[in-house]
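There are 2 protein chains.
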Amino acid sequence: MAEEKWVMMVTAQTPTNIAVIKYWGKRDEVRILPINDSISVTLDPDHLCTLTTVAVSPSFDRDRMWLNGKEISLSGSRYQNCLREIRSRGDDVEDKEKGIKIEKKDWEKLHLHIASHNNFPTAAGLASSAAGFACLVFALAKLMNVNEDPSQLSAIARQGSGSACRSLFGGFVKWNMGNKEDGSDSVAVQLVDDKHWDDLVIIIAVVSSREKETSSTSGMRESVETSLLLQHRAKEVVPERIVQMEEAIKNRDFTSFTKLTCADSNQFHAVCMDTSPPIFYMNDTSHRIISLVEKWNRSASTPEIAYTFDAGPNAVLIARNRKVAVELLQGLLYCFPPKPDTDMKSYVLGDASIVKEAGLEGELPQGIKDKIGRQDQKGEVSYFICSRPGRGPVVLQDQTKALLHPQTGLPK
Amino acid sequence: MAEEKWVMMVTAQTPTNIAVIKYWGKRDEVRILPINDSISVTLDPDHLCTLTTVAVSPSFDRDRMWLNGKEISLSGSRYQNCLREIRSRGDDVEDKEKGIKIEKKDWEKLHLHIASHNNFPTAAGLASSAAGFACLVFALAKLMNVNEDPSQLSAIARQGSGSACRSLFGGFVKWNMGNKEDGSDSVAVQLVDDKHWDDLVIIIAVVSSREKETSSTSGMRESVETSLLLQHRAKEVVPERIVQMEEAIKNRDFTSFTKLTCADSNQFHAVCMDTSPPIFYMNDTSHRIISLVEKWNRSASTPEIAYTFDAGPNAVLIARNRKVAVELLQGLLYCFPPKPDTDMKSYVLGDASIVKEAGLEGELPQGIKDKIGRQDQKGEVSYFICSRPGRGPVVLQDQTKALLHPQTGLPK
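Top line first, the protein sequences correspond to chains A and R.
Per this note's numbering, the first sequence starts with residue 57, numbered consecutively.
Per this note's numbering, the second sequence starts with residue 57, numbered consecutively.
No false leads were slipped in.
For chains that are exact copies, the list does not tell them apart, and a pair is met inside one copy or across any two.
Listed below are the simulated DMTMM-like cross-link pairs for lysine to aspartate or glutamate, each with C-alpha atoms no more than 25 angstroms apart in a straight line:
| hint | residue 1 | residue 2 |
| --- | --- | --- |
| 1 | Lys395 | Glu436 |
| 2 | Lys152 | Asp162 |
| 3 | Lys165 | Glu150 |
| 4 | Lys161 | Asp151 |
| 5 | Lys82 | Glu292 |
| 6 | Lys291 | Glu278 |
| 7 | Lys315 | Glu278 |
| 8 | Lys291 | Glu281 |
| 9 | Lys351 | Glu278 |
| 10 | Lys468 | Asp151 |
| 11 | Lys351 | Glu269 |
| 12 | Lys315 | Glu281 |
| 13 | Lys154 | Asp454 |
| 14 | Lys351 | Glu413 |
| 15 | Lys315 | Glu269 |
| 16 | Lys351 | Glu281 |
| 17 | Lys61 | Asp148 |
| 18 | Lys457 | Glu153 |
Treat the hints as calculated values from the structure; they're not laboratory data.
Take the sequences, apply the hints, and build the full model.
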């Protein structure tokens, strides 16, 4: 085998996810085991996803990785843990056509090339590491013929980035914190698939920020060490919310869903503020978006929009249905118009049909203006992304999508 | 007595106070009984205080009050409760010179005129109601010859505005939450007077805000009703902090004092954020001031500045000593310079000697620039007030300071 010059590749696409019941705090920093369960919605990979090509060849002399075109080091323990775990599960692979035969035991010796790319701007605080580690593990599992179900794979992805475990499924996903010391029961499970509640529309406001943010890894470590509210949240508040949220999702009960989603986002940020020194992920623009949504929901007979914020100022808004989403987008653009030099196509990304439907050239209906209030916030939002709940990871059969060259195994 | 035309007056000055262990949440909305103890520092009344003149005359046909020159209604239950309680404690008063004789029972029938004025801009979110109700109760007690100690008076002022009870004393003050249903043991006591720790210098940054804020009364009601963290804070966190804070104050232990003050301010704002809908009192400027102080304290061998924020964006900064305060003011003015059309005299109020010492015309020393970072925040701070821990309420003997006319009993 060692003399051959073949390259074998798999390209996979994996979605990102946004938690509606938040993960904040580890009980084990190495294995990445959380102090509470969490629940997320998977975002449509057409709008936000990671594409990863993994390749193996006897000609590779070491493991290498390129992220968004730039080579990065794999020496960090998070990458090493994922690679070790997935290698140990590799099975026999045979491609008679190409004359490739890899035996189970070979995976420990064969080197890998990995190229990964996000279809959304990096550093936008949109959980790129979640999609990234999920995609890495999923693609390698396919390459190595790993015979494990997505939940078992999620426990590997978890060791790269906690929330990555939830990106192994579409729809709504629960990460069970588990009890075992080795973390083998700290896995993600699908609650419902992306068809179950497909009325929902998700609009993300990527908020401009001049502050450097605390990484979620160090932020949650500091919260565990210093917040006197965190353990109360994890032990007394979240368990009940998880039950209620599962029920709300099962019943497509948007009122309960909104109440729980907003309250849990706010409580996560409350715990961040209770950390010493305090962590502020939301800024005045985030606050303004919350006020807009709260006002909107009060003026409606039942809640129409849920909001949630991760470790950054970006708002993730979940609209009850498409009609609400179209109105919401109109309202957001009224309240947070693009700068004069920005065209609408680069200001509203993702599902273009919503933009079209929102009829952004026309005057905003008075009813929506009343729901929202004043307009003077140019430049506070960098751009919006329209999306929806989406499917889990898939292997891309179209070889032209691969990020590595089929002969050299180097980035295209 | 009823035919006479005399007017009898008392003018008093009462300080405002700022909590270092916060009061947030009532267990009884009518009696204003809190869910936890709190501790405050009284601010020097030379810089922040209320001046109140109370007058009684048989010629007055009803109770009337003027606040900052404008007549306001006394019909609210908070005023009514204070007036009823203090009247019921009035005693015999005799002024032989003027031929005035009031018997204990007369206080129920005699009407009052009250004029009150703050020596700082209203609506700056600087606890004007605390100083106001304390001054009202204190002045009336003097007028009516009420034979009660300041703690007993504090229980009356408390029924006007909870934190008012802490303005009956100078120095550091503790408000015991009490256990009795009638609130008679929910009183303030002095921990130490204003001479005990007179190194401290207090600098207040009045932060510009374009948001309308939630009143503390409705805010704390909403927190009690909806926050799942509030009770844990009140029952499990604050009691221990109260003990530690008393110890820190007693020992003038600035390191512990800073740690507790900052953590408790942040936790109070965390509870506000955990409220539904969430309450944001701090804004980006508040966050920036916190970052500045945290950075400053990290660069010093021991903490030099404590920060605390009440129900608004204003920062109250407590400097370890005058040397630190002078440097801090230099740093703050470097980071938050006045707008071009603002002169320094209207930008830094209060203790002018600190401004002078800070030598604001010169270039800021590099050491302070390094502690602080960049400078680009013009207009974010409306003005600063330099102050220090101060004394409790006093009666002003100088009749020219009275806010009511000695003959008519009407505002001058």
